[in-house]
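Protein chains in written order, with this note's numbering: chain F, 1 to 206; chain R, 1 to 285.
Hints are supplied without guarantee of correctness; some may be wrong.
[Said to hold, decoys possible] Output of the computed footprint for chain R on chain F, the stretches with three or more beta carbons under 8 Å from beta carbons of chain R:
1) 3–16
2) 19–31
3) 47–61
Keep in mind that the hints were calculated from the coordinates and are not lab data. A virtual CB, placed ideally from N, CA and C, is assigned to each residue, including glycine.
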Amino acid sequence: MKGLILKDLLNLKSTFKMLGVMIFVFAVIYIPQGNGFVFGMIILMFAMMVVTTISYDDLAKWDAYALTMPVTRKEMVLSKYLVMALLNTLGVVLALIVGAVGSVIMGQSFSTEVLVTIGVLYLIAFSFGSLMVPLIYRFGTEKARIMMFLCALIPTGLILLFTQIKIPLPEAANPLIYFFLLLGFTVIMVFVSFFISLRIYSNKEF
Amino acid sequence: MINAIEIKNLNKNYQDFQLKDVSFKVPKGSIVGFIGENGAGKTTTIKAILNLVKRDGGTIEMLGMDTLKDEKKIKESVGVVMDGCNFHDNLKTGDISKMLASIYKNWNQKLYQQYLKKFKLPENKIIKEFSRGMKMKLQIAVALSHEPELLILDEATSGLDPIVREEILDVFMEFIQDEEHSILISSHITSDLDKIADYIVFIHQGEILLDQEKENLLSKMGVLKCGEEDFRKLEGDEYIRYRKNQFSFEVLVNDKVAIRKKYPEAVVDGVTIEEIMLFYIRGGK
Numbered sequence: 001m002k003g004l005i006l007k008d009l010l011n012l013k014s015t016f017k018m019l020g021v022m023i024f025v026f027a028v029i030y031i032p033q034g035n036g037f038v039f040g041m042i043i044l045m046f047a048m049m050v051v052t053t054i055s056y057d058d059l060a061k062w063d064a065y066a067l068t069m070p071v072t073r074k075e076m077v078l079s080k081y082l083v084m085a086l087l088n089t090l091g092v093v094l095a096l097i098v099g100a101v102g103s104v105i106m107g108q109s110f111s112t113e114v115l116v117t118i119g120v121l122y123l124i125a126f127s128f129g130s131l132m133v134p135l136i137y138r139f140g141t142e143k144a145r146i147m148m149f150l151c152a153l154i155p156t157g158l159i160l161l162f163t164q165i166k167i168p169l170p171e172a173a174n175p176l177i178y179f180f181l182l183l184g185f186t187v188i189m190v191f192v193s194f195f196i197s198l199r200i201y202s203n204k205e206f
Numbered sequence: 001m002i003n004a005i006e007i008k009n010l011n012k013n014y015q016d017f018q019l020k021d022v023s024f025k026v027p028k029g030s031i032v033g034f035i036g037e038n039g040a041g042k043t044t045t046i047k048a049i050l051n052l053v054k055r056d057g058g059t060i061e062m063l064g065m066d067t068l069k070d071e072k073k074i075k076e077s078v079g080v081v082m083d084g085c086n087f088h089d090n091l092k093t094g095d096i097s098k099m100l101a102s103i104y105k106n107w108n109q110k111l112y113q114q115y116l117k118k119f120k121l122p123e124n125k126i127i128k129e130f131s132r133g134m135k136m137k138l139q140i141a142v143a144l145s146h147e148p149e150l151l152i153l154d155e156a157t158s159g160l161d162p163i164v165r166e167e168i169l170d171v172f173m174e175f176i177q178d179e180e181h182s183i184l185i186s187s188h189i190t191s192d193l194d195k196i197a198d199y200i201v202f203i204h205q206g207e208i209l210l211d212q213e214k215e216n217l218l219s220k221m222g223v224l225k226c227g228e229e230d231f232r233k234l235e236g237d238e239y240i241r242y243r244k245n246q247f248s249f250e251v252l253v254n255d256k257v258a259i260r261k262k263y264p265e266a267v268v269d270g271v272t273i274e275e276i277m278l279f280y281i282r283g284g285k
């Protein structure tokens, strides 16, 4: 299992280097403007990487080969979810570092708003991955990418529609409630997603 | 344990293809050549052995254990090379060693280095820049470096030049020397099997047509060249298949010594695995 995770990280080595440069450039441009956009971007880019690792595996026809080794199908699936968790966490840590360094340089305090944004994005990254992994296992990377765009479009469209026809979005007294709702939703989503993926993967023929 | 692999009545149904009661053995200490045309079922059989596809019936034992029950244990002691390179393009040989050291319990870093040296594989290049021969050699080095008892090779020598092929065949011969190790090698390059195989298993349209010791096969079978008149004189159990040329008949016979005795005038030549394969697939009964 450790070997499988290591394999994904080794494969992403060159991607990490490129991302490092990009993050630096974006941070230099956006942080002075007081724009939180850069945090979202960092977390999202890391969240996307689990998809990249699966398409690398597809290219090399890795899975069929890996299963000739002492590796069970469950370990294959579990390792992908662990890689996802690792990458998401890495993204958040990096976002926090960039934020901290930025605020020191700018001489501002680290606002709670930014912290909450990062927390919410962390959870969204997990939901996103949990949606993507089973889709990829079932339909392959290419089709799953298209589905991902649809998945992102539908809720956005609905929210736009609601604001257009002026249905008031529910407003809670305490915004923390939203956070915990999202947290609960994400946890359930990750577990359900894992079991669905495991089921699809166990029945897969190579 | 006498057999490294023992397959009994393996069945697998696809819409347009079936494996029908495939049974054969890979005796310990031997090399079994698994031959057949493209699409005959070689790869499907191998995938079923490795549980990459679900079988619809039959039992498979490897190294004396059931492949469904003791899958993980078995796979610690099996090395597999498939057609092509299965490592990611951007890895280097050292990365592979790091990753496999935590997959195989008995990964032997030293042995791996020895093979890399022997095969002259560069350590500072990424795999993308390897030639096809280098990639295959890397796969074989990896398959041998966790000290397996059994090698399963699916078209591992196809697409390679004769020099690299010979080099690889030598490694296989070396692997088998200690009488404990075994190899199942599927190939349609039958000349390779002429050189190294102890047994030949021949699959055609999902069925095993032939399963015999190679020496036995080659020493007994022969090709009789004769005219139509002589061919008509042959009895049904004296020949296996025949092919008709423009002017003559070529007949694959069961027992060339007996035929020579019976028809002293006749020309009976020896036969290669390739010819046997062609007779079975394209010849008439």
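Structure-based check of all given hints:
{"no.": "1", "hint": "3–16", "result": "holds (count 8)"}
{"no.": "2", "hint": "19–31", "result": "violated (count 0)"}
{"no.": "3", "hint": "47–61", "result": "holds (count 5)"}
Checked against the numbered hints given earlier, this structure breaks only hint 2.
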